[in-house]
Every structure is written in structure tokens, then in C-alpha cells.
Amino acid sequence: MPGIQELQKDLSDDFALLANWEEKYEYLIEMGMDMPAMKPESKVDENLVKGCQSSVWFDVKCQDGILIFEADSDSLVVKGMVAMLHKLLNNQPAKEVLEAELSVFEELGLWRHISSQRSNGLTAMVAHLRAEAVDCLAKGG
Amino acid sequence: MTKDIHSARADFPILKQSVNDHPLVYLDNAATTQKPQVVIDALVDYYTRLNANIHRGNHSLAVQATEAYERARRKVAGYINAERNHEVIFTRGTTESINLLAYTYGEKFVQAGDEVIVTQLEHHSNYVPWQQMCLRRGATFRILPFNEHGELDLALFERMLNEKTRLVAVNHVSNSLGTVNPIEEIIRLAHAHEVPVLVDAAQSVQHIAHDVQSMDADFYVFSGHKMYGPMGIGIFYGKEKWLEALPPFLSGGEMIDSVTPEKVTFNVLPYKFEAGTPNVAQAIGLGVAVDYLKQFDPLELQKYEEDLLAYGLNLLSEIPDLIIYGSPSHRSGILPFNVNGIQHYDMGVLLDTMGIAVRTGQHCTQPIMDALHISGTVRASLALYNNREDLEKLADGVRRVIKMLKR
Ligand SMILES: Cc1ncc(COP(=O)(O)O)c(C=O)c1O
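If you're matching them up, the sequences are chains Y and B in order.
For what it's worth, our numbering labels the leading residue of the first sequence as 1, then goes sequentially.
For what it's worth, our numbering labels the leading residue of the second sequence as 1, then goes sequentially.
There may be inaccurate statements among the hints.
What the hints assert, rightly or not - Quick list of in silico lysine-lysine cross-link-like pairs, PhoX-like style, CA-CA up to 25 Å:
1. B:K108 x B:K239
2. B:K406 x Y:K87
3. B:K406 x Y:K43
4. B:K403 x B:K393
5. Y:K39 x B:K108
Since the hints were made in silico from the structure, they are not lab data.
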């Protein structure tokens, strides 16, 4: 399993090949569509992340200190963002998730288009995953 | 000589820029309009040449600034055809104007058991202040619903009016659906029951009829920033007899006549309602925006915007799976829509990547969205500088987003 930094590098290399915003978003949306589907029964209110304009669900599990999650959103753009987080953070040690500097979103400028919303969805999603990582570590991972 | 509407676009410097590598297509005018260069210049000029606190000093700058501020009031009064200049009160905007009335009118005229009528088409700014006032006063908050066309039912309205009704608050144009409400008829019916009417003109004053005397509005409120003027300035118009009868809203400097430890006497209109240092530069800027608007022939302007709206609605209605909300017989400035299977939010984000600015979501009208059983809409909204090309780009953009998302 490659590390988070390496995955971020891969992602930014992929996006660098795309000429304009439309292509970048098209790619992002495809990533969302390609993400493994979330089990419908996991889409319950307790898995809803608050602070997002659209609905986002995360079902996070901790196995031997490793964070494993499924996620979905009713917005295809947000789902693309979620898929990026999934690519970067799924199956990673909780410790790494906590320490990771997620610079790729900033670097790609993708979030600029959607972060002017009252509550910044990405921040809320990352905070949610970090909180889960803290719990996971506390369980003696 | 009136100004040619097609020449307007060149007056707005912000429209010349590119956004996300595309020439900006600005279709979020119901949220706020852009400002012509003359308005921007007026703000700079005020701080460059004129700045002083008004009504307070007798040095030259103070006198000139006061004159400019009062001239702006007269311009606005002229624009809405107020009978008296002192019926025009400067506020921060529509929301503050409505709160001003909800607090003062509520305190003076609304008792437990009384009723206030708003409509289901209101912006939260013309809904929540009344709901809260009713809660404070123990009054009943009544809501006139809209029908399947997005129109108000006047027969029902007439039945809701009774001897307990104290006030009606209604917009002239709905910011979510664009419905033009039959304001003169609403006012006539309310007056037949001796009930005063507040008209929320935030989405109408810059587009359609805005003569407070001919519609016989008791209170008429709007925001400068939605009519090509600066942010931070708005208008509360009230008939003199009402303004005299109402208690002050905010208290402090400017609004008093004399103060002793025991009591104060309040200043005359309009100052009674303008506590503290007002937004002088913005008021002057609003006056300049009014001058700008008055260059156009009002009927020609209205016709231009109506044609543009019809053109845009027609272009959108040709797109498969696109739903346009409401079908009022008279609509102004607003194109509210969704595409089946596509989140309004996604539509907005992706249009933005093409340089097209629209708004998505509830537009501060949750009661409307709830009634339509939707979480929100995409809303394109027009101003006088928009043209057919803007709407063609919107329709093309929507088709491209559909292609991107529906594979
Ligand atoms: C119909 C209507 N009323 C009130 C408001 C509130 O205006 P402001 O935010 O300028 O106070 C708006 C603006 O969004 C509006 O469209």
C-alpha cells in the first residue's frame, strides 16, 4: 500500500495532464463514479457528516489501527472529492491519517469553487475522518 | 434623450473580466447587482473630497457632505414618487428596514390575539421578523399559500383578512420564483379592512413599477445593492402618518431633539429613525445609482428585461429533463430550474467552471422549497446589462453539465 504522500503526488500528476477546469471536474466526477459503492444500509443518519451543503455519508471502521471506510454523497462533485479522500486515506494507518498534510486539494485549486459555502464541506469531512482516526488510535491500534 | 439599454454593459467594469478562464457571465443579480463606474467613482470621490460627519458640523465639508446626503434622499424619494422626502429613511438594507417595522409596529400596534399576514412566497427577511414579532406579542402569524403556478390566491387572501389583522407583509416580486404579485390589488383589499401593507420591493424596484403613491403602499422597502448601488444602504419608506405614529427603532445620537436624565424628545422625521452616523458614502452612491437608472426609459427597460426573460425561459425549456419552477402569468427577472437527476449544487459548481455565475440552494426561501418538495433550485437572475448571449451561454453550459454528469 503506497503512503499518503505518494498517493497525493500521483493524484496531482494525474490532474496536471488536464487542460482546464471542466476537464478537471470531469475527471473528479469520474473518480466519484468509480469509487466502490457504499452499502445502502450504511447510509443512515448517524453516518451523515454535518457541515456539508449536500449530504455526505462516511461509514468508518478501525481494524488493527487501520482506517477502512465507505463513503457517498448525493452530489456528484462532492462525491468526487470524497473519492479523492477515499483514495488517499482508506486503508491507511490511523496514525498516518492524523499526521497527513492534505495539500493536494489546495494545490489543485479544486476546492476553491465550492468552499465559499457557509460551512466548508471538505474541512468537515477531513475533521470527521481525523476524529475517527483518534478513536481508532485510542482503541490501541 | 434616453440612454440605449444595449450600451449599459460597457458601464460595468467588473463584467469585463474573465473567471476561470472564461469571460464572466453574471447571472446572480437577484443576490446582488454589479455597479456602474459612476457609482464606484461616487464612493471614491466622497472619501477623496467630501468626507465629514453629517448634520453635526458647520464647517464646509460637513455642510457639503450633509447636502450630498440629503440630495441622495431626494433622488430616492423622486424615484419611488414619495409624497415627502422625509418619508424616505436610510437603513442598511431590506432586512434592516423590515426589522425596523416589525419592532416598532409590533410594540405599538400588535397585541395578543391579533394577526399578521405574510405569504409563502416571502424571503426569510420578510418572514422571520414577523414570525418572531408575533411570538413576542402573542399574535397569530398567518401565511397565505401560493398555488401550483407559484401565484397567490387573492380570494383566499380576502378571506384571511379580518378585524384582528394588523398588518400584511408581502413582496412585489418573489426572489425564488420571480412571480410578480398583484400588489395594487393586495393593497386595495387590505385597505378595505383598514390594514396597512408592507411591500418588500427588493426584487422589483430595479425592474418594474415602483411608484409608492400609485400602488398606495404604506411601507415600501428595498436594498441599494440590488439596484446597482452600493452594499450597506437601503430604504425604509413609510407614509408620514405611520412614521409619526411609530416609536423610534434604534436610539442614540442624531435621532434625539433634547436629552435630560429623565427624558428625551425625539428628532423630527426622517432623523427619528436614523440613529447614529449613517452610511453617508453609500447613500450618496445610491443616489448616483438612481440617476443612472433614470437615464433609461422605464417602460423600455421593463420591456427589454421581459423579452430577455422570455428568451431565457424558452431556451431552457428546450433542454430535455429540465424543470422550470412556477408558471405565473407575470414573472420578472428570475429563471428558477433544476435538471432531473442532477443536484442544483453540482450544476452551480460546474457552471462556475465555465465562468457562469448563478446561485443554487434555497435562496433564503425554505417555505417555498418545502412546498415544492425540493431541496433547492438553480437560479439565474437578470439585470439590465445582461443580453441574449448570456442566456445562450447559460443554456449551452447547462447542456454541457448534463453531458458531464449523465454518462
Ligand atoms: C425579496 C427579498 N427580500 C429581502 C431580501 C434581503 O435583502 P438584504 O439582504 O439586502 O437585506 C432579499 C435579498 O436577498 C430579497 O430578494
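Hint check:
1. Between the alpha carbons of B:K108 and B:K239 the distance comes to roughly 16 Å, so the proposed pair stays at or under 25 Å and holds.
2. Between the alpha carbons of B:K406 and Y:K87 the distance comes to roughly 23 Å, so the proposed pair stays at or under 25 Å and holds.
3. Distance restraint check for B:K406 and Y:K43: the Cα-Cα separation of roughly 23 Å lies within the 25 Å cut-off, and the hinted pair is therefore satisfied.
4. Between the alpha carbons of B:K403 and B:K393 the distance comes to roughly 15 Å, so the proposed pair stays at or under 25 Å and holds.
5. At roughly 58 Å between alpha-carbon atoms, Y:K39 and B:K108 are farther apart than 25 Å, so this suggested pair is violated.
In summary, the one numbered hint that this structure violates is 5.
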